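Chemist: Residue strings, one per chain:
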Amino acid sequence: MSFFFEVLIGGLLAGVMYSLVALGFVLIYKASGVFNFAQGAMVFFAALTFVGLQEKFGLPFWGAFVLALAAMVVLGILTERIVLRPLVNQPQITLFMATIGLAFFIEGLAQLIWGTNVRRLDLGIKDEPIPFLLERFDMALSGFDLIAAVVAGVLVTVLAVFFQVTRVGRALRAVADDHQAALAVGIPLKQIWAIVWSVAGFVALIAGLMWGARNGVQFALTFVALKALPVLIIGGFESVTGAIVGGLIIGASEKLAEIYGVPFLEWLVRMLFNISLTLGGIELWFAYVMALLFLLIRPEGLFGEKRIDRV
Amino acid sequence: MRAWKKTVIALLALAGGVAIVLPVAAQQAGTQFMGVLGYRVGPYGANGAAFFTGFLDYLALVNEREGGINGVKISWEECETEYNNAKGVECYERLKTRNETGPTAIHPMSTGITYGLIDKAPADKIPLITLGYGRTDATDGRVFPWVFPILSNYWDAATGIVKFIGDREGGGDKLKGKKIVLLYHDSAYGKEPHPVLEAEAAKLGFELKLIPVPHPGNEQQSQWLQIRQYKPDWVILWGWGVMSATALSTAQKVGFPRDKMVGNWWAGSEIDTEAAGPASEGYYAASLNLAGKDFGVVKDVEKFVYAKGKGGDPKLVGTVLWNRGLAAAMYTVEAVRTAQGKFGKKPMTGEQTRWGIENLNVDQKRLDQLGFATMVPPLKLSCLDHGGSGLVRFQKWEGGKWKPASDWMSGDKVMVRKMVEESAAKYATEKGITAGCMKG
Chain A
0 MSFFFEVLIG GLLAGVMYSL VALGFVLIYK ASGVFNFAQG AMVFFAALTF VGLQEKFGLP
60 FWGAFVLALA AMVVLGILTE RIVLRPLVNQ PQITLFMATI GLAFFIEGLA QLIWGTNVRR
120 LDLGIKDEPI PFLLERFDMA LSGFDLIAAV VAGVLVTVLA VFFQVTRVGR ALRAVADDHQ
180 AALAVGIPLK QIWAIVWSVA GFVALIAGLM WGARNGVQFA LTFVALKALP VLIIGGFESV
240 TGAIVGGLII GASEKLAEIY GVPFLEWLVR MLFNISLTLG GIELWFAYVM ALLFLLIRPE
300 GLFGEKRIDR V
Chain B
0 MRAWKKTVIA LLALAGGVAI VLPVAAQQAG TQFMGVLGYR VGPYGANGAA FFTGFLDYLA
60 LVNEREGGIN GVKISWEECE TEYNNAKGVE CYERLKTRNE TGPTAIHPMS TGITYGLIDK
120 APADKIPLIT LGYGRTDATD GRVFPWVFPI LSNYWDAATG IVKFIGDREG GGDKLKGKKI
180 VLLYHDSAYG KEPHPVLEAE AAKLGFELKL IPVPHPGNEQ QSQWLQIRQY KPDWVILWGW
240 GVMSATALST AQKVGFPRDK MVGNWWAGSE IDTEAAGPAS EGYYAASLNL AGKDFGVVKD
300 VEKFVYAKGK GGDPKLVGTV LWNRGLAAAM YTVEAVRTAQ GKFGKKPMTG EQTRWGIENL
360 NVDQKRLDQL GFATMVPPLK LSCLDHGGSG LVRFQKWEGG KWKPASDWMS GDKVMVRKMV
420 EESAAKYATE KGITAGCMKG
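As they're listed, the protein sequences go chains A and B.
According to numbering that gives the first Met the number 0, the first sequence is numbered sequentially starting from 0.
According to numbering that gives the first Met the number 0, the second sequence is numbered sequentially starting from 0.
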C-alpha cells in the first residue's frame, strides 16, 4: 500500500511542476484571451539566460536572477511593442498565430546568444529521497519536489492577491473580458499587456529554474509546455487556482495510469489477441485523453469561466 | 498587396537564395565535397553540435596540415536536420546533387534518418556511414552494400554491456536469476537492441524488463517508480539527449544506485553527466572512443585549426562526442584515401568512396601515424563485415570526468553475427534483394 501512496504523492508533486509552467499560460490568457504558444520557449529563454549570465560573468545567484528577470521584462515589453500592439482588436486566432512565430523566434534567439550546450543549474536543493520517509514508510519522495510545491504555493498566493486586490490586477481582468470596452473606460491596454508579459516572464523564470535544476538547462525545456496543456484544459485557462488543481489531477492520474494501467492493458491485449506487447510510455497521451474527456464534460475546465455570448 | 510588389519580393528572395548558393558552388569545384547532415539546434542539438564540430574540425585539419587528401582539398556543406527524420531526408535530397562528385558519404547521425535513407542510398550511389548507430543487420554487406555501421553496432553494444555486467557479478553464469531493466528511448533507436537482449536473457537466464520513455524523456517519474517496484539488479540506459540526464537525476531521486546503471555509447557523454551533476557519480557507460585531449590528433587540431581561428568550439575539444566526430571524419577521409589508391588522386564519387570504405584497413600502425593511438580501435572492413571491430570499452563517471573502466572488449560476437545474417536474409527476401558482394 505504501507504494500506491508513493506513486500518488509523487504524481501530485510532479503535477506541481507542471502547474509552475501552466501558471504562465494562465496569466497571458487572463489578460489578453490569447493562448501563448511561446510560454515553453520563454521558460527555456529565462533559464538559459540565468545560467548563461552565471557562466559568462561569474554572477552570484541573486545577481543572475535579477538580470535574467530584467531580460524577461525587456522581452515582455518588446513583445507588446512589436508583436501585440499592431494586432490590437484582431481576431484571437491572429494573436495565437503570432505567439507561434514568437516561440520559434525566442528559441532561436536563446540559442544564438547562449549556444546549444547543455548547462548544469545548481540551486543547492538536494534531489534525493527524504531519509525519514524512506526509512519509516519506504517511500522515496524527494525534498526538491516538496520545495517546488512550496514555491508553487507562494506563487499562486501572490498572483491571486495581485489579480483580486490590486488596481493593475483588476485592469488585467477587464482587458481580458473586452479589449475595446477596457480601452473605452481608459485602461491603458498597452501598459497592461507589457506588465502581464513581464509577470509571465517572471513565472517562466521560476519554472525554468526548477525544471533546469533537475535535468540541466537545455532545449528540451521548451517541451515542458506540452505538460502544461492538459493541465490548462482541466483547470481552466483563466484560473490560477485551476492551474494548480489541474496540475495535481494530471500529475497523479498519469502516474497511476502508467504504473497500474499499463500492466492491465498488457494483460487485456494478451487475453483478447494472444499477443505479448510492451506498451508503457502511455502517460504522455493519457494526460491528453483526460483533457479530452474534460472537454466533453466541462469545456471551460474546472475553474474556468462559463462564457455566454449574446447572439 | 499589389501584384508588382509581390513579384519584387519574390525576385528579391530568389536573388538572395542564389547569392547564398553561388559562392558554395564555386568553392566546391575540384574539391572532395562532403555533405553533412548535422544538427546543432533542437532537443538533441547539444549532442549533435559536439559530434559535428569534431567532424568538421578534422576535415579542416586535413586541409590545413596536409593540403587535403593527397592534395585534394575537402569542402563541405552542413544542412540542419534537427534530428528530425523528414528534415534529414530533405537535407539528403538537397545535398546529393551538390558538386560533380556528390556528397562523398553521408553520416546521418540518427537511426531514424538512416532508416529513411537505406532505400535511397543504393539508387543514388551514395554510401551511408553509421558509426555506432543505425540498422544493425546492415553489418552484412552482401545485403546492404551501401550501408556501413562501422566500429560496432547496437547488438555489439548490448551484448558488450551484458558481458560487462556479468563481469561485475563475477561471471556470465552469475547472471542467472538476476533482473535487468532496459530503459529505452521509445524510437527506432531505442528498440534496436530488443531482439539481442531477449536472446541474451534466454541464454544466460536473467529476467529482462523493457521500459520505454517517450520523447524527449524530460520527465521519468513513472518509469523510475516502476524500476523501484521491480527492484532490478542493473539498469541498462539506452538514452539520447535530455533523456539520459533525466534518467540519472530521477535515479537519484528514487534512490537507485548509479553504479548499477550502464549506458550505451550515446548515453555516455559529458553532456549527459554534467547536466545531471552529482547524480551521475559512479555511472558506467559503454564507449566507442576515449575522451580526453591527450592524443596527437587533438594536439594537431589545436595547433593547425584552433590556433588559426578556424576551429568550431574550443570548449568541446576532447569531449566524448567531439572525439567521436573526429574519428568519424578520420575513417571517412581514410576511405577516400583508400579509394584514391585505386581510382587516382582526384575527388572520389560516392561509388568510388563505397569501394574505399569496404576495403578500409586502419590498423594500429596507421592509427598511431594519424595520432589516434588508443582513442579508437583498429578497423578493417570487408564485404562480409561492414562493421569492423565490434569492440566496446567501458568508462565510469568519477569526480567530474570519464575514466576508463575496462579495456576494449567484445560481447557475444558469434550470436550477434548469427542474428545479423538471419535478419539481413529476412530483409533481402522482403525486398527481393539477391545477396552478394559488389564488384569494383
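Derived by calculation from the structure, the hints in this document are not laboratory data.
Here the structure is a predicted model, which means the values were calculated and not measured.
Please note that the accuracy of each hint is not assured.
Straight-line C-alpha distance at most 30 Å; calculated DSSO-like pairs for lysine-lysine [said to hold, decoys possible]:
| no. | chain 1 | residue 1 | chain 2 | residue 2 |
| --- | --- | --- | --- | --- |
| 1 | A | LYS125 | B | LYS307 |
| 2 | B | LYS298 | A | LYS125 |
| 3 | B | LYS292 | A | LYS55 |
| 4 | B | LYS395 | B | LYS314 |
| 5 | B | LYS400 | A | LYS55 |
| 6 | B | LYS302 | A | LYS55 |
| 7 | B | LYS178 | A | LYS55 |
| 8 | B | LYS302 | A | LYS125 |
| 9 | B | LYS412 | B | LYS425 |
| 10 | B | LYS307 | A | LYS55 |
| 11 | A | LYS55 | B | LYS402 |
| 12 | B | LYS425 | A | LYS55 |
| 13 | A | LYS125 | B | LYS230 |
| 14 | B | LYS412 | A | LYS55 |
| 15 | B | LYS298 | A | LYS55 |
| 16 | A | LYS125 | B | LYS402 |
| 17 | B | LYS178 | A | LYS125 |
| 18 | A | LYS125 | B | LYS430 |
Chemist: Hey, B/LYS178 versus A/LYS125, does the alpha-carbon distance stay inside 30 Å?
Modeler: holds, 29 Å
Chemist: Under the criterion that the straight-line Cα-Cα distance not exceed 30 Å, is the pair A/LYS125, B/LYS230 satisfied?
Modeler: holds, 23 Å
Chemist: Below or equal to 30 Å on CA atoms is what counts here, so check A/LYS125 against B/LYS307.
Modeler: Violated - the C-alpha atoms of B/LYS307 and A/LYS125 are around 44 Å apart, more than 30 Å.
Chemist: Keeping to a limit of 30 Å between CA atoms, is the pair of B/LYS302 and A/LYS125 held or broken?
Modeler: violated, 42 Å
Chemist: Tell me if the straight-line CA distance from B/LYS425 to A/LYS55 falls inside 30 Å.
Modeler: This hinted pair is violated, its Cα atoms lying about 55 Å apart.
Chemist: Given the hint that B/LYS302 pairs with A/LYS55, test it: the Cα-Cα distance must not exceed 30 Å.
Modeler: holds, 25 Å
Chemist: When you check the alpha-carbon spacing of A/LYS125 and B/LYS402, does it fall within 30 Å?
Modeler: holds, 25 Å
Chemist: Hint check: A/LYS55 vs B/LYS402, CA-CA at most 30 Å. Holds or violated?
Modeler: holds, 28 Å
Chemist: Are the Cα atoms of B/LYS298 and A/LYS125 separated by 30 Å or less?
Modeler: The hint is violated at about 39 Å.
Chemist: Between the alpha carbons of B/LYS298 and A/LYS55, is the straight-line distance 30 Å or under?
Modeler: Answer holds: B/LYS298 to A/LYS55 is near 26 Å, not above 30 Å.
Chemist: Does A/LYS125 pair with B/LYS430 here, judged by a C-alpha cut-off of 30 Å?
Modeler: violated, 54 Å
Chemist: Given the hinted pair B/LYS178 and A/LYS55, is their alpha-carbon gap at most 30 Å?
Modeler: Given pair B/LYS178, A/LYS55 is violated - Cα atoms ~45 Å apart, limit 30 Å.
When each numbered hint is compared with the structure, violations occur for hints 1, 2, 7, 8, 12, 14 and 18.
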